[in-house]
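Undergrad: Let the hints inform the model, and build the full structure from the sequences given.
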Amino acid sequence: AFYLLVLAGAANGPFGAWIVHQIPHLEAVGFSTAQAATLAGLYGVLQVGLRFVVGWWSDSMGRKRMYALSFLMQGFGLLVFANVTAARWWLLPLFYVTFATGQATWGVLMVTAVADYFGTRRYASLRGLAQIMQTPVGVVAPTIAGIMFDRTGSYHLIFTIYAGIIATGALWVMLVRRPQWAEVEAAQAQQAAQAQDGSSSS
283 AFYLLVLAGA ANGPFGAWIV HQIPHLEAVG FSTAQAATLA GLYGVLQVGL RFVVGWWSDS
343 MGRKRMYALS FLMQGFGLLV FANVTAARWW LLPLFYVTFA TGQATWGVLM VTAVADYFGT
403 RRYASLRGLA QIMQTPVGVV APTIAGIMFD RTGSYHLIFT IYAGIIATGA LWVMLVRRPQ
463 WAEVEAAQAQ QAAQAQDGSS SS
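So that you can map any letter, position 78 of the sequence shown is 360 in our numbering, and since no number is skipped, the others follow by simple counting.
In short, the hints are calculated from the structure, not lab data.
From a predicted model like this one, the values you see are computed outputs, not experimental measurements.
Heads up, the beta-carbon is just placed ideally off N, CA and C, and yes, glycines get one too.
Heads up, some of the hints might be wrong.
Derived DEER-like restraints, expressed as beta-carbon distance ranges [what the hints assert, rightly or not]: (1) Thr367 to Arg404: 26 to 34 Å; (2) Trp338 to Gly410: 25 to 33 Å; (3) Arg403 to Gly344: 19 to 27 Å; (4) Leu411 to Ala319: 31 to 39 Å; (5) Pro418 to Val393: 15 to 23 Å; (6) Leu411 to Pro375: 13 to 21 Å; (7) Arg460 to Gly410: 17 to 25 Å.
TA: See below:
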């Protein structure tokens with residue numbers, strides 16, 4: 283089941299293309315450089331507040347469910363962004379609500395996903411392995427996006443493709459099952475915590 287987390291990490295790799303090409307895309311569809319920079323800055327401001335909020339939501343609603351939802355929201359949000367133009371500026375609020383919230387959720391929960399599924403004993407090693415495909419994809423994706431823009435004069439097609447790839451991360455997350463040994467470790471940790479609480483209260 284661990285390889286599914288690796289696939290989920292790889293699915294989010296195209297996010298790197300959005301980071302690199304968001305301002306060129308906005309300029310290409312009619313926004314000025316100053317307007318594009320302002321929109322990018324607003325996204326960063328939203329991330330600061332959203333991460334605390336989505337962390338609280340995730341603890342309340344279930345981290346696995348929210349982690350899967352983060353991929354769907356990012357995928358849909360990137361699709362919206364691909365269709366944003368200066369004339370269709372009214373799509374921007376929808377982009378911020380979906381993509382920014384999805385990215386904030388992913389940013390919080392990608393750190394906890396390994397521990398939630400596989401415990402904390404091997405956390406550092408498994409965390410590194412879980413992201414082993416994300417970095418290569420994150421490096422290649424912006425390059426491909428740049429090539430596509432040079433050939434077509436638009437980011438619309440490549441962002442649409444990347445939106446679909448990111449959304450597949452939800453499938454991989456929902457297919458992950460916690461292994462038996464992780465269940466045993468979790469039960470032992472819970473028993474130890476309960477025993478410690480009991481000794482403290484007495």
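Undergrad: Hints first: check each against the structure and report whether it holds.
TA: Each hint tested on the structure:
1. Separation of threonine 367 from arginine 404 is about 48 Å and departs from the stated range, judged on CB atoms against 26 to 34 Å.
2. Distance hint for tryptophan 338 and glycine 410: a CB-CB separation of about 28 Å, consistent with the stated range 25 to 33 Å.
3. A hinted range of 19 to 27 Å for the beta carbons of arginine 403 and glycine 344 is consistent with their spacing of about 23 Å.
4. Checked against the hint of 31 to 39 Å, the pair leucine 411 and alanine 319 passes, with Cβ atoms roughly 37 Å apart.
5. The hint said 15 to 23 Å for the Cβ distance between proline 418 and valine 393, and at roughly 20 Å that hint holds.
6. At about 38 Å, the CB distance of leucine 411 to proline 375 disagrees with the hint of 13 to 21 Å.
7. Remark: the range hint 17 to 25 Å for arginine 460 to glycine 410 is upheld by a beta-carbon distance near 20 Å.
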